[in-house]
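Enquirer: In case you want the letters, here they are:
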Amino acid sequence: MRNASRAAFGWLALAAGAIVYPLVLPGAFYIDVGTTLLLAAATAAAWNIIGGYAGQVSVGHAMFFGAGAYLPLLVYKLWQWPPIAGLPFGIVVSLVLAVLVGMPTFRLQGHYFSMATIAVAELIRLVVATAEPLGAAIGLQGPAVGRGVWDLTFRSGLPYYYLFLALLAMVLATSWWLQRSRLGFYLRSLRASERAARSLGVPVRRCKLLALMLSAAFTSAAGSLYAVKTGFVDPESGLGILVSVQMIIVAALGGAGTLFGPVLGALILIPLQTLTNTYFGGEGSGLTYILYGGAILLIARFEPGGLLDLVYRARGLFAKPAPSSEQSRHAA
Amino acid sequence: MRGNRLARLLLLAGALMAAPLAQAADAVKIGILWPLTGNAAAAGQAAKAAAEVAQDIVNNAHPELKGIPLADTAGLPNMGGAKLELVFVDHQGNPSLAQQLALRLITQDKVHVLFGAYQSSCSFTSTAVAERYGIPFVIGDSAASNLTGRGFKWLFRVTPIATDFAEAYMRFFDDMKKQGKSIRSIAIVNENTDYGTSVGDAIEAAAKKNNMPVAIRIPYSASSSDVSAQVLQLRDKQPDVVIFISYTSDSILYMRTMRNLDYVPPMVLGDDSGFSDPSFIPAVGDIAQGVMNRSSWDIGKPGSTTYKINEMYKAKTGRDLDDTSARNLQGMLALADALNRAGSTEPEKIQKALRETDLKPEQIMMGYRGVKYDETGQNVLASTYLIQLKGKQYEPVWPEKAATTPIQWPMQTAKH
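Residue numbers (numbering that gives the first Met the number 0), protein chains in the order written: chain A, 0 to 331; chain B, 0 to 415.
Keep in mind that the hints were calculated from the coordinates and are not lab data. Just so you know, these numbers come straight off a predicted model, no measurement behind them. For every residue, glycine included, the Cβ atom is placed at its ideal position computed from N, Cα and C. Hints may contain errors.
Said to hold, decoys possible - Here are the simulated DSBU-like pairs of lysine-lysine, each with C-alpha atoms no more than 35 Å apart in a straight line: (1) A/Lys76 x B/Lys400; (2) B/Lys152 x A/Lys76; (3) B/Lys177 x A/Lys76; (4) A/Lys76 x B/Lys359; (5) A/Lys76 x B/Lys208.
What the hints assert, rightly or not - A few chain A residues facing chain B, derived, Cβ under 8 Å: (6) Pro25; (7) Ala130; (8) Pro132; (9) Thr173; (10) Asp308.
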């Protein structure tokens, strides 16, 4: 009980911090960094639903992000609609993709599933890069100067910031619900052992597919907001493998399969990225990548379960009995 | 005696105080976005060195550089000798990061002008930020034709773009026909990403406009390890000129494959990039004798202004100035000229001065016909030289006034 109220208090403090952040640090650049952070957290949290809770490490989530990013700019290009109107279309395309990709690939396990998702995502990237209606290799762009409020081309970064914050809140709320729902327990059980879960009557493939669809829908929504904010997408920035990899790194760094993990990962990684690029990027010495890679390496070596493990261990020193990770707490 | 010393001290103090006053003209800050790491790091780094040479030319007195505006004075004379201050940022080729960094340069670093951004994708996003904030953005080198023409008022592009190259090729073919060379049809072979596609499209459109038959257009992937099928297609169609829009390893592969299949068209015209790569001539120079290429940059004869600029760049990097970096250097110089005429760091005044830019051929270092922007911000006088591989280097052969040696047609290694 005390634990639960403490967690609730923590979340409340975090939410309050996120809401006032742009008002405390009102520079356009800081707001943009904050928005980037929220985007990273939201996509990582969306990936976390299938990659973390269900343990199905997808390395092809860029296809959902890309679908979300392309559709708004496509409806703008074709019919001059405000880009944000493409968001639901992006979700529909992503859900269809999730079913098409999920049905055959969920027969595969472990690395084979990851490899299959990479292959599909790269295939989509290559097809898009040669598809003339999708701007081929040059990409699509939105309205550079807005025709009205509905185009969402703000000079101030504030509206984007709160849009991304709302999205993150939705993903986290869904994850929170998932954690305590029957589906959540099924997912964690099939992550622990798919065979055991199946023999206990867990509808494994249906659960995986549901989780993938949920994950895809949120990833796609994040992609749409990204496209609306950036006003541009090309195959590399929308569908490139680095897009998928970033979601995984952020989630894994903080702690995959936990509610707070993706947020923590983004809280560490994005400021680190920005700081190293601000101070060392201009020299072009590549120090940005060295520091960034070094940090990831250290965490992978010493805290492979994600930084959240470290937090729980530290807390365990003071409290008894010591829960080693969030999911064991929920299982208890 | 004492009074004398006091007076001297006072004088000294006065001089010390006056010194900063004399330089009180604030520096003009130029924020430069380039890929300094990542895939295109080499190009970004080379361009950075070129921008620093431009800074040196403007900030210090270089009377030896005849004709180049602002070379013989130190700083910008109309702004009390204000210096150029360059703030470099690395967008890593990531359009979203480029957008964020443009914001940072404008709001944190308070730069007066933006410059960049190499990859067209990054130019798309960063110029949109500049447009929203009303800060002039000068594109040194991004060739996507739809960068201009978005109705932007703060965007200026000095470099020639795909359509300029395409038109130059057509003018060249016309000249060749007048000299009695037979050009019945051309072929376009382009790598299938952003660069190859846009240049290929532009050439195809220009050919159509000029009634030049395109026998075949072959898009291919630059990472192909075998291009014999493509070369056989070419041999089948027998075009008089084959235009390659290729990167490095693939342009080398094409030259080797044509040689192995015993087919070399009367003329091969490379569109810069792979054909200009430092590794092209050592790899296939002997079997590519007579290949043509484009370049807006020519080092020129010893003692010429361009030669001296190249020496400055060489002292810094140990390499000759390449076409891409030279275009960026020219972009910086054209920008500096506008800044000086603006006489102020107010965005509106800089924008107005940029609009009024009118540099003559003798005032620039590139093979352009000048620098003058149309209402979309594109330099309408941008153009290119055509060069031909003779021995171990390319020599300018077209237009005639820039040629150092007569053109050889068909090329030496032709076999069809």
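Enquirer: If a hint holds in the structure, say so; if it does not, say that too.
Expert: To see whether the hints hold, each was checked on the structure:
Taking the CA atoms of A/Lys76 and B/Lys400, the gap is about 45 Å. The hint is violated against a cut of 35 Å. Taken as a hint, the B/Lys152 and A/Lys76 pair is honoured in the structure, with Cα atoms around 22 Å apart against an allowance of 35 Å. Note on B/Lys177 and A/Lys76: the hinted pairing is violated, with a Cα-Cα distance of about 44 Å set against a maximum of 35 Å. Proximity of A/Lys76 to B/Lys359 is assessed by CA-CA distance (about 39 Å); at most 35 Å being required, the pair is judged violated.
Among the hinted pairs, A/Lys76 with B/Lys208 is consistent with the structure: their alpha-carbon atoms are about 27 Å apart, no more than 35 Å. The beta carbon of A/Pro25 comes no nearer than 10 Å to any beta carbon in chain B, farther than 8 Å, and the hint placing it at the interface is violated. For A/Ala130, the shortest C-beta to C-beta distance to chain B is roughly 11 Å, which exceeds 8 Å, and the interface hint is violated. Hint on A/Pro132 is violated. Least Cβ distance to chain B is approximately 14 Å, over the 8 Å limit.
Hint on A/Thr173 is violated. Least Cβ distance to chain B is approximately 25 Å, over the 8 Å limit. Taken as an interface hint, A/Asp308 does not check out: its beta carbon lies about 30 Å from the nearest beta carbon of chain B, beyond 8 Å.
The structure fails to meet hints 1, 3, 4, 6, 7, 8, 9, 10 from the earlier list, while all remaining hints are met.
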